[in-house]
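Listed in order, the protein sequences are those of chains A and B.
With the numbering used here applied, the first sequence covers 1 to 158.
With the numbering used here applied, the second sequence covers 159 to 324.
Don't take each hint at face value.
Residues of chain A placed beyond 10 Å of chain B at every Cβ, according to the derived structure [as the list claims (entries may be wrong)]:
#1 Ala44
#2 Ser49
#3 Gly56
#4 Asn57
#5 Gln76
#6 Ile79
#7 Asp80
#8 Gly85
#9 Asp96
#10 Pro99
#11 Leu103
#12 Ser114
#13 Tyr122
#14 Pro143
#15 Gln145
#16 Gly157
No farther apart than 27 Å at their CA atoms in a straight line, the calculated lysine-lysine pairs in the DSS-like style are these [to be verified]:
#17 B:Lys184 to A:Lys108
#18 A:Lys108 to A:Lys128
#19 B:Lys227 to B:Lys246
#20 B:Lys196 to B:Lys184
#21 B:Lys196 to B:Lys275
#22 B:Lys184 to A:Lys128
#23 A:Lys128 to B:Lys227
#24 B:Lys184 to B:Lys227
#25 A:Lys152 to A:Lys54
Please keep in mind that the hints were generated in silico from the structure rather than gathered at the bench.
Here a beta-carbon is modelled for each residue, glycine too, at the ideal position from N, C-alpha and C.
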Amino acid sequence: MIYFLKPKCKMHASLRTTLLYCRLLVCICMGLQIVGCASGPSFAITQASFKPLKSGNGRVFLYREGLYSGSVIHPQILIDGKEVGKAVPNGFFYVDLPPGSHLVSAGKWQERISLVAGELAYVELLLKDGDFLWSVRPIQIDPDQGNTIIQKLSYTGQ
Amino acid sequence: MKSNYIIALIGSMVILALTSCAEPSKYYQVSNRLPQIKPGHGRIYIYQDEEADKVNTGLFGAPEIPTVKLNGESVGSIYGHSFAFVDKPAGHYEAIGYTDILTSLLSRKNSVNFDLKQGQTRFIEVNVIGTVLLASTELRLIHPSQGLSNLNNLTFNTLSSDDLLP
């Protein structure tokens with residue numbers, strides 16, 4: 001370390017500059033990661049403000065876990081061809097739908113989910129690393145597990 | 159005479175090639191042969207949806223085959239694009255997936271806890287998340303309708319549950 005801190009050597013100064021740029025780059029990357037993640041209120045806080053579920057409908061919670069991997073990527077999520085929100089890391093949102101089968105799409109991934117009247121369904125938007133690009137794959141999770149996971153995520157709004 | 163030998167040789171090679179290329183058993187092909195769930199038991203399907211060559215990367219890209227344990231008892235290895243199942247008495251279970259000790263320590267989502275009721279079927283999806291150096295195993299408890307739909311094109315994992323097929 002002392003070798004790097006010698007002030008008068010030109011070569012060492014350039015190394016210090018390189019190190020400084022590296023640190024700056026790391027800080028920018030970390031900043032981007034933090035900016036890319038959901039920072040809204042938690043499920044426990046927002047739960048009371050959720051609109052009541054209309055009779056005959058079901059509610060689908062869509063969520064994405066993780067903080068760092070691919071956090072600047074926020075793919076659009078479509079249900080039955082209509083945009084309903086974005087997959088923001090560490091965040092969730094919900095959509096009320098009539099019972100039946102619905103097609104959840106996120107880029108190249110498509111999954112058909114089933115919904116029963118009055119049911120709370122949970123769809124995880126799982127980040128997948130492709131050959132060149134990140135993508136998210138929707139998976140309908142068991143309600144017990146989905147309900148546990150969603151408690152620690154932030155509400156991103158609809 | 160010589161040409162007869164050549165024809166016989168080619169014929170036997172073709173037969174050998176065809177028999178060795180037999181299609182492995184998919185879920186939709188074996189589902190009607192699966193045994194009934196015993197009274198007091200439930201069924202747990204464990205599967206890996208991804209193709210083995212896409213995500214199973216471990217140390218320097220080496221293939222990683224996750225092993226799954228139920229309440230500490232090994233179920234077997236779950237290969238890419240395949241499924242296995244076990245019938246267990248009703249109760250509470252913890253499923254843990256791992257490839258090796260190091261990756262198990264690093265993985266945050268390598269276990270799921272669930273209750274298994276009599277006659278119930280549960281679906282656990284195993285994902286191997288690969289990085290440059292390490293692969294971590296993630297387990298998810300999948301909704302029954304999606305789990306069943308995901309199984310359809312997966313290959314029966316003969317190495318882990320061959321003895322269960324009649």
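| query | Can you list which hints this structure breaks, lowest number first? | reply | Of the numbered hints given earlier, those the structure breaks are 12, 13, 14, 15, listed in rising order.
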